[in-house]
Amino acid sequence: MDDKAYTHRTGKSHRWRRETVELAAVFAAVAAADLVANVVVHGHDGPVLLLASAAAMLGTALFRGWLAHRHPPGPAALAPPGGPEVSSTDEPTALWRLRTSVADEPGSLARVCAALAERRVNILSMQAHPLPDCTVDEFIVRAPASLARAELVAAVAAGGGREIWTDRADAHELVDVPRQVLALATRTALDAAELPLALRQLFGRAAIRQYPGRGRAVQPGVDGHLMRLPLPNGDLLELSRPNLPFTPTEFARARALVELDAVLGPRVPQVEARISRPAGDDLTVRRATPSDKDAAVAMHARCSPESLRRRYHGPVKDADRYLDHLLDPRHGQTLAVETAQGRLVALAHLMWDDEGAEIALLVEDAWQRRGLGVDLVRRMAALALEAGVGTVYAVTTAANTGLISTMRRLSAPLDFQVEDGTVVITAHLLEAAEKLPAPWAAR
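Going by the numbering used here, the letters in the sequence shown line up with residues 0 to 442, in that order.
Simulated from the structure, these hints should not be mistaken for lab results. Check before you lean on any hint, since a few could be wrong.
Listed next, the in silico EDC-like pairs over lysine to aspartate or glutamate satisfying Cα-Cα at most 16 angstroms (straight line) [to be verified]: (1) 292 with 237; (2) 316 with 327; (3) 292 with 337; (4) 292 with 323; (5) 434 with 385.
For clarity, every value in this text was computed on a predicted model and none was experimentally measured.
Let's have the full structure, built from the sequences with the hints guiding it.
Shown next as structure tokens:
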């Protein structure tokens, strides 16, 4: 007789016995109930028996309540028997971003997870990037702070992972990917200048370059560590990430953001603030748009050749060639200062570049040395921090002492790089974040 037939017959035998016992219990309960009923109805002590039973039941209930009040059950008594003990620890932990390639076969992900569990590494989020020959799994994990990077990599390798990449993470990366993409799409929909920043936040430490007029001759796609995205205006947006190749899934997300930007067209939020000057001048600072080009060209015509040379590091023969690029919101944010009569007197540019942003400033000669430069630089620094950019830099010459002094007024640590008469001043804004006012506060 095989095991299957034996198990079937044994199960039927147990079921038949259980049904017989249950039927016998029903008959015994009916007989006991009939006996009690006869004693109560026909016996002389029936009422006394009922009262005694009620008193016994009431006393038992009161005693159990008193006992429960004097000796409440502890957490251990509430735990299921045989269950694991829950212990809490104050051991410090660290967040990591982890990416690895695994074989496209059942159980490959489970082996990696088991290897991480052996090292007391808790997986907080995971997403998969399918490729033709394998799957790239990306994790956000919480590991003991004592676990070194090499040990984390060794654990993943022991679980079958290969091409392993790790980097420190922070709490902002704990948002699930669909919610993050929707939030970035919302930012992009409100402001065209947010597109490069949204891509940078989506892909981590990626350098972003925009090349005017090169997009029409390039096919979109991914080439290892390089991603190319032609823009609707004909420019080319190029993302590079030296330590981590891009995946087709990441390219699809980036292309969706670019297509959203193309559908919505150029857009700039309508924000402004008042600037109070000691002389009583009524000035307004706001985001500039491509429609400000004529007023910006007129302002350039009122500036001296020396002011234009300090701004553009050389003579300016045709301002149109610069302003078409600078006033395009997809390249960054431009602030314009205008008088009550609608005349522009200053322009400040915050242009995204790699992992930072470049700031540049032009103030009409008649409005210089009135504090406008300091006000605009501080506003641009606050806008950079608001966009998640921690460093800004300005390119000038050693003779431009005005801009150098203005950068010092940020109260942020500065790095100076001098080469062939050109000075690059880099400000680290995170250490001065509390000293920078809101970008659109009246001053």
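Status of each hint after checking the structure:
1. 292 with 237: violated (27 angstroms)
2. 316 with 327: violated (20 angstroms)
3. 292 with 337: With a Cα-Cα distance of about 13 angstroms, the restraint between residue 292 and residue 337 holds, given a limit of 16 angstroms.
4. 292 with 323: This hinted pair holds, its Cα atoms lying about 8 angstroms apart.
5. 434 with 385: holds (14 angstroms)
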